[in-house]
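Residue numbers (the numbering used here), protein chains in the order written: chain A, 1 to 184; chain B, 185 to 653.
Source of the hints: derived by calculation from the structure; they are not laboratory data.
All values reported here derive from a predicted model rather than from experimental measurement.
By construction, the Cβ of each residue, glycine as well, lies at the ideal position given by its N, Cα and C atoms.
Treat the hints loosely; a few may be bogus.
Only part of the chain A face toward chain B is listed, based on derived beta-carbon distances under 10 Å [stated by the list, open to error]:
(1) Asn60
(2) Glu77
(3) Phe96
(4) Phe100
(5) Gln102
(6) Gly141
(7) Glu178
No more than 20 Å apart at the CA atoms, straight line, and that leaves these computed lysine to aspartate or glutamate pairs for EDC-like [stated by the list, open to error]:
(8) Lys193/B - Glu178/A
(9) Lys509/B - Asp48/A
(10) Lys349/B - Asp150/A
(11) Lys448/B - Glu438/B
(12) Lys2/A - Asp162/A
(13) Lys235/B - Glu171/A
(14) Lys349/B - Asp459/B
(15) Lys34/A - Glu607/B
(16) Lys347/B - Asp453/B
(17) Lys169/A - Asp205/B
(18) Lys2/A - Glu159/A
(19) Lys188/B - Asp453/B
(20) Lys179/A - Asp196/B
(21) Lys349/B - Asp196/B
(22) Lys179/A - Asp240/B
(23) Lys188/B - Asp421/B
(24) Lys235/B - Glu178/A
(25) Lys154/A - Glu203/B
(26) Lys235/B - Glu277/B
(27) Lys34/A - Glu163/A
(28) Lys347/B - Asp150/A
(29) Lys349/B - Glu582/B
(30) Lys2/A - Glu163/A
(31) Lys193/B - Glu582/B
(32) Lys446/B - Asp162/A
(33) Lys509/B - Glu163/A
(34) Lys514/B - Glu607/B
(35) Lys154/A - Asp205/B
(36) Lys235/B - Glu163/A
(37) Lys235/B - Glu272/B
(38) Lys551/B - Glu582/B
(39) Lys34/A - Asp266/B
(40) Lys347/B - Glu163/A
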Amino acid sequence: MKFERFSSQAVFLNRENIDTDQIIPARFLKVTEKVGLGSALFADWRSDPAFVLNTPDAANAKILVSGANFGCGSSREHAVWALCGFGFRAVIAPSFADIFRQNALKNGLLPIVVNAPTIAMLPANAHFTVDLLDQTLSVDGDSRILFPIDSFSKTCLLEGLDELGYILKHEAAIAAFEKAGTRA
Amino acid sequence: MPPKTLYDKIWDAHLVTPETDAPAILYIDLHLVHEVTTPQAFEGLRRRGLKVRRTDRTIATMDHSIPTISRSLSSVDAQAADQVRRLESNCIEFGVRLFGMDDRRQGIVHVIGPELGLTQPGQTIVCGDSHTSTHGALGALAFGIGTTEVEQVLASQCLLSRKSKNFAVQFDGALSPGVTAKDMVLALIGQIGTGGGTAHVLEYQGSAIRSLDMESRMTICNMSIEAGARAGLVAPDDTTFQYVAGREFAPKAEAWDRALAKWKTLPGDEAAVYDRTVRIDVSTLEPVITFGTNPGMSIPITGRVPDPANTADSGARARLEGALKYMALKPGQQLLGHPVNVVFIGSCTNSRLSDLRSAAGVMRGRKVNPAVRVLVVPGSQEVKRQAEAEGLDRIFKEAGAQWREPGCSMCIAMNGDQLEPGESSVSTSNRNFEGRQGRNGRTFLASPLTAAATAIEGHIADVRTLGGF
């Protein structure tokens with residue numbers, strides 16, 4: 001699936017170190033499918049009716065804004081599947097945990113790194129536009145914020161490139177590596 | 185040639201293609217597979233019509249959602265049982281070797297890898313589990329991956345990867361009695377924070393690491409991920425080689441001599457440069473225990489819970505207030521004497537024979553406080569057999585603790601072993617996140633010694649006042 005420019009409101013979670021046990025508690029990991037996990041997203045926090053994901057606006061939001069070190073903890077890709085299942089296409093945070101970031105990119109969920117002071121100034125009810133080609137986040141059609149992404153990940157997302165397909169194109173190199181070592 | 189670290193050497197030796205604008209293609213020597221993070225990966229292979237490329241480098245077991253009361257799947261819910269059966273059928277279909285529930289080699293993946301000699305110095309090892317960092321204790325580059333990556337490794341034995349930075353963690357000095365590897369790593373995470381190691385590979389060095397046995401090194405490497413680092417490493421030495429020698433899958437005879445010669449070249453060069461270094465003097469460490477809702481929120485066992493009012497930064501203050509509220513603790517209070525409902529001794533962090541020996545030493549001839557439910561869950565069938573051969577199971581049972589079958593159990597609370605809402609535990613596991621051990625459960629992370637002392641006293645206790653270690 002190709003990653004295209006989109007606009008949406010955002011949901012704000014003003015909290016650092018949001019771990020994968022919060023994003024999807026372990027009791028939801030007994031599934032054998034990737035789909036249908038949107039309802040498990042932040043399941044424990046959502047038991048509070050006032051939690052931001054329970055507000056009507058959240059249902060249409062495609063962007064989640066968080067504090068630093070988002071997605072720390074386990075390697076469960078279910079965390080990303082749950083975010084995607086709920087309808088999120090991007091997470092904005094000052095930093096991401098390494099494994100979460102990798103998992104997100106592999107599922108078309110864009111991790112957008114924006115520094116904490118800039119995040120603090122994002123208006124809550126604004127309309128955000130995410131443009132991966134330009135690597136910009138714009139707020140109400142204005143004040144474009146540039147965000148970084150490595151060129152490989154960017155190309156994979158924009159062209160919907162399949163990573164496994166990319167690896168398997170290097171079959172000759174893999175076979176040569178196995179032959180050269182004692183790995184054959 | 186520029187001097188290299190241990191990590192640099194392992195990385196370079198596994199490059200199928202180097203890192204450019206594109207990530208490197210890294211060859212994986214050993215892929216460990218379990219029931220929770222793989223069904224979707226096998227399904228992906230099926231959909232693409234692909235095979236497992238190297239069934240000889242892929243090993244499966246079940247650990248996360250299996251029962252520990254017995255080996256009967258009737259004691260877990262239908263969904264968990266289905267996931268276990270799915271792993272069994274996937275392994276048959278794709279020809280993957282499985283150490284099933286009744287196999288003498290079954291256990292927590294990060295316990296059986298080293299125990300069986302599958303884990304060897306200089307290897308690259310991955311598993312769909314963040315605590316794969318454990319295997320770094322043997323000088324292997326080992327890290328957790330997501331399910332999409334599991335599929336990629338199954339199909340290609342390779343992974344797209346970018347090189348991390350080198351982070352030296354220097355532990356010097358001698359540990360005081362009652363202070364363990366668990367306390368060392370909790371102290372480290374408390375110092376650098378849960379994101380302190382992000383984008384780095386930690387290499388644990390120094391006299392305090394050299395003098396640790398292999399199982400203690402595993403405890404430390406296991407929790408590298410709790411500092412944000414995907415991998416942690418200890419350079420292999422004679423302690424490592426002696427540990428690996430003679431194990432089921434370790435090289436034998438001439439193959440051993442060749443392997444040993446190679447392993448001896450792995451330690452980092454004298455002049456190797458690290459992007460970051462921290463030093464910790466372990467001689468001043470007390471037993472460490474967490475008070476909050478991430479593994480970085482810890483205090484010495486005799487210390488007091490921090491007061492948010494003394495925290496200048498508003499974000500940090502809010503985090504601390506939130507954690508204390510969740511944990512039902514008051515600012516400035518001591519944890520010693522704080523009552524708990526459950527003590528859990530187990531997990532890939534602390535379920536090995538030496539962990540059980542130290543807990544049993546404290547519990548020998550004593551009784552568990554009747555207010556506390558105590559679960560002792562060995563990390564593998566082999567650990568269980570050895571513990572029983574030494575009579576450790578009798579010590580636990582006579583004290584009033586439950587002696588279980590191997591598995592992840594209450595570390596991740598997927599199999600019914602869990603805290604009830606509002607209950608609290610002292611746990612030898614690795615994560616104290618909200619709800620980790622059961623919804624609205626509260627977790628205090630500590631060493632097996634502290635856990636055993638707490639089991640006896642019925643409240644958080646300092647093992648140094650009890651003795652038995």
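Each hint tested on the structure:
The closest approach between the C-beta of Asn60/A and any C-beta of chain B is roughly 27 Å, which is over the 10 Å cut-off, so the hint fails. Taking 10 Å as the C-beta cut-off, the interface hint given for Glu77/A holds, the closest approach to chain B being about 4 Å. Residue-level restraint check for Phe96/A holds (minimum Cβ-Cβ distance to chain B is 8 Å; threshold 10 Å). Nearest Cβ of chain B to the Cβ of Phe100/A: about 8 Å, under the 10 Å cut. The hint holds.
With its C-beta approaching chain B no nearer than about 6 Å, Gln102/A sits inside the 10 Å limit, and its interface hint holds. With its C-beta approaching chain B no nearer than about 30 Å, Gly141/A sits outside the 10 Å limit, and its interface hint is violated. A least Cβ separation of about 8 Å between Glu178/A and chain B falls short of the 10 Å threshold, and the interface hint therefore holds. About 18 Å separates the Cα atoms of Lys193/B and Glu178/A, which keeps this hinted pair within 20 Å; it holds.
For the hint pairing Lys509/B with Asp48/A, the CA-to-CA distance comes to about 15 Å; that is within 20 Å, so the pair holds. Restraint check: the Cα-Cα separation between Lys349/B and Asp150/A comes to about 17 Å, which is no more than 20 Å; the hinted pair holds. Taken as a hint, the Lys448/B and Glu438/B pair is honoured in the structure, with Cα atoms around 16 Å apart against an allowance of 20 Å. Proposed proximity of Lys2/A and Asp162/A is supported: the alpha carbons are some 11 Å apart, at most 20 Å.
Of the pairs offered as hints, the one joining Lys235/B and Glu171/A holds, with about 14 Å between alpha carbons and a cut-off of 20 Å not exceeded. About 6 Å separates the Cα atoms of Lys349/B and Asp459/B, which keeps this hinted pair within 20 Å; it holds. Restraint check for Lys34/A and Glu607/B: not satisfied, since their Cα atoms lie roughly 32 Å apart, outside the 20 Å limit. With a C-alpha separation of about 18 Å, the suggested pairing of Lys347/B with Asp453/B holds against the 20 Å cut-off.
Taking the CA atoms of Lys169/A and Asp205/B, the gap is about 17 Å. The hint holds against a cut of 20 Å. With a C-alpha separation of about 5 Å, the suggested pair Lys2/A and Glu159/A falls inside the 20 Å cut-off, and the hint holds. At most 20 Å may separate the alpha-carbon atoms for a hinted pair to count; Lys188/B and Asp453/B meet this at roughly 5 Å. This hinted pair checks out: Lys179/A and Asp196/B have alpha carbons roughly 17 Å apart, not beyond 20 Å.
Pair hint Lys349/B plus Asp196/B holds up; C-alpha atoms about 14 Å apart against a cutoff of 20 Å. Straight-line distance between C-alpha atoms of Lys179/A and Asp240/B comes to about 15 Å, which keeps the hinted pair within the 20 Å bound. Between Lys188/B and Asp421/B, the direct Cα distance comes to roughly 17 Å. Compliance with the 20 Å bound is thereby established for this hinted pair. Restraint check: the Cα-Cα separation between Lys235/B and Glu178/A comes to about 17 Å, which is no more than 20 Å; the hinted pair holds.
Restraint check for Lys154/A and Glu203/B: the C-alpha separation of about 16 Å stays at or below 20 Å, so the hint holds. With a C-alpha separation of about 10 Å, the suggested pair Lys235/B and Glu277/B falls inside the 20 Å cut-off, and the hint holds. Proximity of Lys34/A to Glu163/A is assessed by CA-CA distance (about 18 Å); at most 20 Å being required, the pair is judged to hold. Taking the CA atoms of Lys347/B and Asp150/A, the gap is about 13 Å. The hint holds against a cut of 20 Å.
For the hint linking Lys349/B to Glu582/B, the alpha-carbon distance of about 49 Å lies beyond 20 Å, and the restraint is violated. Taken as a hint, the Lys2/A and Glu163/A pair is honoured in the structure, with Cα atoms around 13 Å apart against an allowance of 20 Å. Under the criterion of a C-alpha separation no larger than 20 Å, the hint pairing Lys193/B with Glu582/B is inconsistent with the structure, at around 50 Å. Only pairs whose Cα atoms come within 20 Å are accepted, and Lys446/B paired with Asp162/A is rejected, the gap being roughly 36 Å.
Taken as a hint, the Lys509/B and Glu163/A pair is broken in the structure, with Cα atoms around 44 Å apart against an allowance of 20 Å. Annotation: proposed proximity of Lys514/B to Glu607/B holds, straight-line Cα distance about 17 Å (limit 20 Å). Distance restraint check for Lys154/A and Asp205/B: the Cα-Cα separation of roughly 11 Å lies within the 20 Å cut-off, and the hinted pair is therefore satisfied. As the CA atoms of Lys235/B and Glu163/A are separated by approximately 17 Å, the hinted pair is consistent with the 20 Å bound.
Between the alpha carbons of Lys235/B and Glu272/B the distance comes to roughly 16 Å, so the proposed pair stays at or under 20 Å and holds. The hinted pair formed by Lys551/B and Glu582/B meets the criterion: a straight-line CA distance of about 7 Å does not exceed 20 Å. A threshold of 20 Å between alpha carbons decides the hint, and for Lys34/A with Asp266/B the separation of about 15 Å falls inside it, so the pair holds. Only pairs whose Cα atoms come within 20 Å are accepted, and Lys347/B paired with Glu163/A is accepted, the gap being roughly 18 Å.
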